[in-house]
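Chains A and B are the protein sequences, given in the same order. Read in order, the letters of the first sequence correspond to residues 151 to 214 in our numbering. Read in order, the letters of the second sequence correspond to residues 3 to 194 in our numbering.
It is worth saying that the hints were derived from the structure and are not from the lab. Only true hints are included.
Okay, the calculated beta carbon distance ranges per label pair:
#1 B:A125 / A:K173: 32 to 40 Å
#2 A:L209 / B:A155: 47 to 55 Å
#3 B:A24 / A:D165: 20 to 28 Å
#4 A:Y191 / B:R192: 54 to 62 Å
#5 A:V192 / B:A155: 36 to 44 Å
#6 A:D177 / B:V88: 21 to 29 Å
#7 A:G185 / B:A125: 42 to 50 Å
#8 A:A208 / B:G77: 42 to 50 Å
#9 A:Y191 / B:A24: 26 to 34 Å
If the Cβ cut is set under 8 Å, some of the chain B residues that face chain A in the computed set are:
#10 G21
#11 P23
#12 F30
#13 R35
#14 L55
#15 A63
#16 Q64
#17 A66
#18 D122
#19 L172
Ideal placement from N, C-alpha and C gives every residue a C-beta, glycine not left out.
Letter by letter, the chains look like this.
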Amino acid sequence: MSDLDDLSERLAAIDVDPARAAKIAADGRADLARGPRKRRYVEPIVVALLVASFLAWALWHTFG
Amino acid sequence: MDDAGAEPERAWVAGLRTGDPAAFDAVFAAYRRRVFGYLVRMTRRRDVAEDLLQETFLRLAQHARGLRAESSLRGWLFAVAHRLVVSWSRARAVRAQLAGDLPAREPESPARSPLEAVADSQAQLALERALGELPAPFREVALLVGVEGLSPAEAAEILGVRGDLVRQRLARARAQLAAALGELAPLSWRTP
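One chain only, chain A, in its complex shape:
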């Protein structure tokens, strides 16, 4: 590939502020240790409960 293949060598190196980098790394490690958030399961459970309630109500209303 000849298109711009040496662009990286021609650009200045830039890095994030060291204090900010340390904070991002610490936050990332903490999140990784915490594992998947339980909050992500709350919404599907609430939706499932609402749908099940509606179906139960509809069945009861139709055949009850």
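We have chain A already, so just place chain B on it with the hints.
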């Protein structure tokens, strides 16, 4: 990713999947400058780039256990960074529209970008300016392919566009950079 780079990457993915903080540190050390460089050059703002870098790596931490064993971390990180840049650009355009001041194209915030501040030669300065003047879609493929060394097919997957569109944008980016840089452009860029 070449074979030499694939091996540690597989070990990092394995570590991330088990929640190993050392794996996260290794990935952060390996990719933070690369992702940050991409974000700064796309947003032209250091503060925004730092926020988006943080969000990129926090998403990695949050989704680490769900990574596939064969996942490409480079592809994963740049795909997230790309989506964050798109969201930021849209939010910025909406804010500008609400303020009745819609910019004609992708905004270039400060008169002097953070990249120009770190350029240590006239050639670098000219290149950073020329890159900053490229329309965002052209700049993005120039960064992903020209700087990150992704293939057009990999870049296309990250951007969610066709491979031939990436090649087309790349050719236009090269032509525009060559035109902007004039004699400072390497000969290979000036050759059609």
